[in-house]
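Undergrad: Chain residues, written in single-letter form:
8 protein chains.
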Amino acid sequence: MIDARLDLKRRERLGMVEAVWGEHKTAEQIITILERFSAADELGLVTRVSPEKADAVLAALPAVKAHAHARCLTLGELPAPPPGPPPVAVLSGGSSDRSVVAEATLALSCHGIAVDPLMDVGVAGLHRLLDQLPRLESAVVLIACAGMEGALPTVLAGLVPQPIIGVPVSVGYGISQGGRTALEGMLASCAPGLTVVNIDNGYGAAMAALRMLRNR
Amino acid sequence: MIDARLDLKRRERLGMVEAVWGEHKTAEQIITILERFSAADELGLVTRVSPEKADAVLAALPAVKAHAHARCLTLGELPAPPPGPPPVAVLSGGSSDRSVVAEATLALSCHGIAVDPLMDVGVAGLHRLLDQLPRLESAVVLIACAGMEGALPTVLAGLVPQPIIGVPVSVGYGISQGGRTALEGMLASCAPGLTVVNIDNGYGAAMAALRMLRNR
Amino acid sequence: MIDARLDLKRRERLGMVEAVWGEHKTAEQIITILERFSAADELGLVTRVSPEKADAVLAALPAVKAHAHARCLTLGELPAPPPGPPPVAVLSGGSSDRSVVAEATLALSCHGIAVDPLMDVGVAGLHRLLDQLPRLESAVVLIACAGMEGALPTVLAGLVPQPIIGVPVSVGYGISQGGRTALEGMLASCAPGLTVVNIDNGYGAAMAALRMLRNR
Amino acid sequence: MIDARLDLKRRERLGMVEAVWGEHKTAEQIITILERFSAADELGLVTRVSPEKADAVLAALPAVKAHAHARCLTLGELPAPPPGPPPVAVLSGGSSDRSVVAEATLALSCHGIAVDPLMDVGVAGLHRLLDQLPRLESAVVLIACAGMEGALPTVLAGLVPQPIIGVPVSVGYGISQGGRTALEGMLASCAPGLTVVNIDNGYGAAMAALRMLRNR
Amino acid sequence: MIDARLDLKRRERLGMVEAVWGEHKTAEQIITILERFSAADELGLVTRVSPEKADAVLAALPAVKAHAHARCLTLGELPAPPPGPPPVAVLSGGSSDRSVVAEATLALSCHGIAVDPLMDVGVAGLHRLLDQLPRLESAVVLIACAGMEGALPTVLAGLVPQPIIGVPVSVGYGISQGGRTALEGMLASCAPGLTVVNIDNGYGAAMAALRMLRNR
Amino acid sequence: MIDARLDLKRRERLGMVEAVWGEHKTAEQIITILERFSAADELGLVTRVSPEKADAVLAALPAVKAHAHARCLTLGELPAPPPGPPPVAVLSGGSSDRSVVAEATLALSCHGIAVDPLMDVGVAGLHRLLDQLPRLESAVVLIACAGMEGALPTVLAGLVPQPIIGVPVSVGYGISQGGRTALEGMLASCAPGLTVVNIDNGYGAAMAALRMLRNR
Amino acid sequence: MIDARLDLKRRERLGMVEAVWGEHKTAEQIITILERFSAADELGLVTRVSPEKADAVLAALPAVKAHAHARCLTLGELPAPPPGPPPVAVLSGGSSDRSVVAEATLALSCHGIAVDPLMDVGVAGLHRLLDQLPRLESAVVLIACAGMEGALPTVLAGLVPQPIIGVPVSVGYGISQGGRTALEGMLASCAPGLTVVNIDNGYGAAMAALRMLRNR
Amino acid sequence: MIDARLDLKRRERLGMVEAVWGEHKTAEQIITILERFSAADELGLVTRVSPEKADAVLAALPAVKAHAHARCLTLGELPAPPPGPPPVAVLSGGSSDRSVVAEATLALSCHGIAVDPLMDVGVAGLHRLLDQLPRLESAVVLIACAGMEGALPTVLAGLVPQPIIGVPVSVGYGISQGGRTALEGMLASCAPGLTVVNIDNGYGAAMAALRMLRNR
Ligand SMILES: Nc1ncnc2c1ncn2[C@@H]1O[C@H](COP(=O)(O)O)[C@@H](O)[C@H]1O
Ligand SMILES: Nc1ncnc2c1ncn2[C@@H]1O[C@H](COP(=O)(O)O)[C@@H](O)[C@H]1O
Ligand SMILES: Nc1ncnc2c1ncn2[C@@H]1O[C@H](COP(=O)(O)O)[C@@H](O)[C@H]1O
Ligand SMILES: Nc1ncnc2c1ncn2[C@@H]1O[C@H](COP(=O)(O)O)[C@@H](O)[C@H]1O
Ligand SMILES: [Mg+2]
Ligand SMILES: [Mg+2]
Ligand SMILES: [Mg+2]
Ligand SMILES: [Mg+2]
Ligand SMILES: [Mg+2]
Ligand SMILES: [Mg+2]
Ligand SMILES: [Mg+2]
Ligand SMILES: [Mg+2]
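If you're matching them up, the sequences are chains A, B, C, D, E, F, G and H in order. Here UniProt numbering is used: position 90 in the first sequence is 90, and no number is missing along the way. Here UniProt numbering is used: position 33 in the second sequence is 33, and no number is missing along the way. Here UniProt numbering is used: position 131 in the third sequence is 131, and no number is missing along the way. Here UniProt numbering is used: position 77 in the fourth sequence is 77, and no number is missing along the way. Here UniProt numbering is used: position 129 in the fifth sequence is 129, and no number is missing along the way. Here UniProt numbering is used: position 38 in the sixth sequence is 38, and no number is missing along the way. Here UniProt numbering is used: position 178 in the seventh sequence is 178, and no number is missing along the way. Here UniProt numbering is used: position 35 in the eighth sequence is 35, and no number is missing along the way.
Hint data in this document are derived by calculation from the structure and do not stem from the laboratory.
Among the chain H residues that face chain A by a calculated CB cut under 7 Å, a handful are:
#	residue
1	A4
2	R5
3	D7
4	H24
5	K25
6	Q29
7	N198
8	I199
9	D200
Using 25 Å as the maximum straight-line C-alpha spacing, the simulated SDA-like pairs for lysine to any residue come out as follows:
#	chain 1	residue 1	chain 2	residue 2
10	E	K9	F	P134
11	A	K53	H	K53
12	D	K9	C	V160
13	H	K9	H	K65
14	A	K53	A	H67
15	H	K9	A	P134
16	H	K9	G	E137
17	E	K53	C	E23
18	B	K53	D	Q29
Bear in mind the structure is a predicted one, so any value in this text is a computation, not a measurement. Beta carbons are placed, not taken as given, at the ideal position from N, Cα and C, and that holds for glycine.
Okay, chain A solo, but in the shape it has when bound:
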């Protein structure tokens, strides 16, 4: 009765592959969709895939590659990034933010963009961030991930002139459980020109960075 209508023209319109949201789909739905991407000669990227679901997909499609930290699957060759310093730096407040950083990094890799990662530079120990400012200079776009109170992108946006994409992370407890406090703190930021994506949305931050890199 029911069918998926893939957006295979997305690369043409937007310069992006369609990523498939895996969390609310069954392994069977994911397998069918990946086969159709493959038939259309398009790179397949599936996000938010649990380890169990990943195993079920790999059993059916051994050419699929599972990216454990990023909780993603890909089918097809990732394009090699051009030489030179990575145009995107991805920062994170703590090492608990790892999967969001990994999702953003993989989504950029799917489009041939390299990433410079700076983990655990949260504002509770400010020197860790201030020490890294020179390293940030070569980046064209910054993605800053933070949970709890989410102050990292705010502090960063007061220090450097590049575009900064804040990614609130669902790390925390009590009032910050689920990432809303980090999200709202980034939106309310007193620093000028910070933009924000949904909680844990590493993929969205990567696509926003991709749009910004068009202008180089």
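Once you've looked at the hints, dock chains B, C, D, E, F, G and H with the ligands against the given chain A.
TA: Just chains B, C, D, E, F, G and H with the ligands, lined up with the frame of chain A:
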């Protein structure tokens, strides 16, 4: 007893002038601050100034210019934009969004950036937006303002490849009063790579666009 | 000590069978209730039944039919729909919305109403919806299911004149987890005359459509 | 700089006139828009207009008609409804709901639809509603407005088979102030097939009723 | 290091035994507490005990009695209720509310109060409630439990003069998941003199009824 | 077009007069309603009437009595309370709660019930409450009003055995502005058998007390 | 009928004068209360007094002193602070926070404690704060006030070892309007050992500092 | 690719060891981090570690000590507290709050501070708290933990003059589930000078106490 500590080095660090948040300041505080900007030979921009407060400031400082639609004050000459098509397009869902559009436009003017405005292209009459797609092609960055359910930036992000900054607007009533529904809809967008700023934050959207234009 | 008081006169009053809400009932409670429907010669429909609970009920009552996608049970013959084009079209934004679409479709089948399904026509790839507009013309009522920002029913309501019932779906994460963002976006819609039901309420949307079809 | 793009093709597409949301527009914006509707020979309807703004518009455009209870303006002749019993009944829980009832009634009048009003039939005195059930029989669609806990549409939907559009009203205080409790109660209704619109959205309920009447 | 300080004087001050909140305690903590109640010759009542925890407690203290529907444990003899019609009626909207009804009933039994249960008299089929009104006449206090939109206590409070304690139940989904919509609907009730307790608080409703029965 | 349907049989069914909610009604609506109560020989009670509206009503109906602290109007003779100690004590946490206390007191007076008021016995200075415990002994029902964190009814319910009706008051700021924190604190109370009404609902607390006094 | 029960023993128990919450009291209530403080030879402090109310109180009690920035009244001599560096530093993110800083400062003055104010050291221009770190060394307790995203206390708590009391300020708009975002950000802080008070609660922060100074 | 940047200078700056947030880290990440603390000769403290994760860490690092009640791990010798009465008292409302009390106690032990625990002194049986007041006199700082309505710190702050740190606990159900009601009640407290930390934040309360003890 109490004093304001202006961030006069912001232009050097970030390429931006410091904008002063006028809503919770008295006319006296604003006057003092503008005088200090002027003394430092820096352009002064004050946002969220009510008509009454604007009148009080102008009475004391006749060189100040009031921008009624934008609810802003400026002191000092605005730089002339370079020739060529405006690099930023500002779209809005309805003509009620006027003051947010005007704030974004003025904040860009303060930095010598011209804007192409497209008002009242909301998704309830989709043809109004589809008709304008060719006109958007020359824009480097898009700012899309919308109240109520805030679907305009989502639809736009599915159609064009540029960076899109969604600005939720506090136009609406009941469940959408205050702009949270528009904000959350933009953050939850199924379209890839949309970024978002705070409700009614025309100034912040402008500064984000400015950061993105550095890369040209 | 405790007893269920079935609403067996609902068909007479409202032209509907009573659906039983299965989620917070034990298999034993469901079995007793289905036996009583059967004894009263009424079609039995139970919604929100987990696979485990469904198995327990089928073990006791082999005549029961389990509808896996819809997470429902029925006992008794479903009426055959009359010939002709289906009077209801059910659209969905993504293929993750499958169980809500299936619940609505089954609830209509229980009343002899056929459905035309249009899955995965979300607004991030607008052409998928615009392509299907002619097919929608023969529908008397539209049910539009969408998660995340829930913009599909809004866009639809600006394009076609039929009654449209928006069903927010609990597909999403972060700010849209649980479906509230989709719900509030549909309620705040700038498109005229969209009505809305509870999150994931496929059953309710079907019953609303049934009420609207009385007038044909 | 800025302009309104009226949706003058709405009647053709949807069989409706475009209503203008007056609350966040200035009198000047409203006057310009009404003049353009008039120039296009289309009926003009403006909702949520304060008495002061209405006076300012009437001073400029004496042909405009102000509807005080409905807080609306119209410009142009309202079509006469056809003979026969009104196809829409509008019920309300208390006499405080008057302006929402009036907005719905006027919006239907603009499309030639007559209304049967039943005010103050709230569930705290149930006999007032039960007494009126026979009178409801001739209605094709019911619009039920209620503030506070908003139980009226739920009780009604258990009693009669027609389509029922619930309109939560922002009457109440404390926990029900602003109408969210009424809204959520209607959405959570245990009665089958109730649909809901935004708080105080008399206009939207009317347009939904209009869509449902197409099928007669 | 750590110890529980039982409130063994509660019966003297308030005429109630102390109930122990079991949900966040380990089986070991519950066993120790019950032994101390028993040593003090006081009836022990523990609420919100999962089946697994109940088994662990019963293994250590075989004299404990588990009440499965009520999810409670007792240790000690329950007092026999005096002859005559039960002074408390407990109504519920659906048969999913069973455990809340059972908790209230058991807590009253611990104080020698008998209960008349009326299950599944929800407002979606109003006749089920109206039919039972005569049976309610002999009750001194009514406890009305309802999930979803929670309209039952409101309708009841418009019909009968006794004290009515509304108990919102966490049965529902989407907007009503967790019971807040039922709670807020009861608090916002347009019916006069309804009082409310926390979601699922059958124990609290029973203790409130006990306080009200002192005056007989 | 529109009419109020008074619930004149409320005294017969519930032993109460119908109170009219004045906040969202015009002076004209209130005047008409009071005239109809008077014509039916029933006591008229209108709550939440602003001073300006009260003046307008009194100008038209000089027999009306305005109760400034309670923000209410009455028309008709209040019944004299029977001799003996007042059966209801009304406590409040601070002297800012005065209007809620006054509304409850007046609503009881309309039914011939006398009240013992204990103002400003909040828990920040606990001795003020502990000193008054003997005075509370003769009360049959207690109404406890508190804003901010709303702890007064909780502390009280641990100390005395009577029925206690908690009334959260919209006194406070920041997190407690509007009274929700007081409301939720009362609902979450660890003290057994406290019941609660809506924020500022002095009238509802009074009607609940009236129901409880039936049993004496 | 109604009376205020002042907590005149607060100085003895807690070492503090009772502050009177002025916002929800009439000028008449405030006058009576101040007279009673004066009669008891106690310093009177009233917070949250609007300019109009302050004028009315001063007209009746000319010995009262109005503190305009702090929105407070005092009656009686403030104790002179001992010589030496001020033990409390009060920092604020922007000059819009002035009234909260002033309330905290005045409340400490009422207890003979001097304050070192550091205004406008928000994190958007981090150098302004880093420059002042040496000046903070002599402070025993820090009070840090911030609106918008409220990151100042978090950054501070990662840099200095003293007790830090975070005061969220209701400066901001959209998502940060009302101060909740600042509050939640401070509570969710990743910096160790930050404590927080209610939004705009300068008085409470001062009293917390006073408690901490007891230990010197 | 990714690395943790420990804040090993925290002891120097703040007099505290860095605690590692264990909940969102894998056992592998925790093992690596503890090894690096050990290599730097710093005490390692990891909070929020599930029993399973603790087992995995202990298998790899047998020198690690697991603290079951506190759900924490330590690596390295805890400093012995100096002789004399414990400077910190930790109170809790019920015995369900045990793990929060234990986390606070352990975090203080890591810094050589002893604790006097007072469990189960909740306000529903006030005498339990009043009886212990003399014992509290020797404490320099109080930490008060409470779930449900969270009134314990408020009552305490009205009785004793020391600094009080309120810790809301996620014990409760319905409206108080998750601890927000306790948190908001503490923030809204009418008692002067109470400060608050995040829900369940025993660690943060301990670090705040440590800051306050610097001044002795
Ligand atoms: N999936 C569903 N969604 C919404 N409402 C439902 C659903 N299933 C049953 N109901 C309604 O919930 C009411 C209460 O259910 P019950 O608890 O089974 O008596 C029924 O009368 C149905 O109208
Ligand atoms: N099921 C329940 N619902 C509401 N309150 C309860 C329940 N069970 C126990 N309580 C109350 O919770 C308080 C705290 O419980 P405990 O943590 O056991 O000391 C007890 O004094 C009871 O009054
Ligand atoms: N500005 C303020 N912020 C927080 N609490 C306050 C403030 N002013 C007074 N209070 C407290 O509020 C309590 C209740 O005030 P009142 O209603 O005047 O009895 C007083 O005892 C004070 O402790
Ligand atoms: N149980 C806890 N509660 C609150 N904060 C904590 C807790 N454990 C660790 N932290 C803080 O969280 C910060 C970030 O942790 P991490 O992700 O391990 O770098 C640490 O620097 C600690 O200050
Ligand atoms: Mg770290
Ligand atoms: Mg328009
Ligand atoms: Mg898709
Ligand atoms: Mg009425
Ligand atoms: Mg049922
Ligand atoms: Mg007081
Ligand atoms: Mg500044
Ligand atoms: Mg206990």
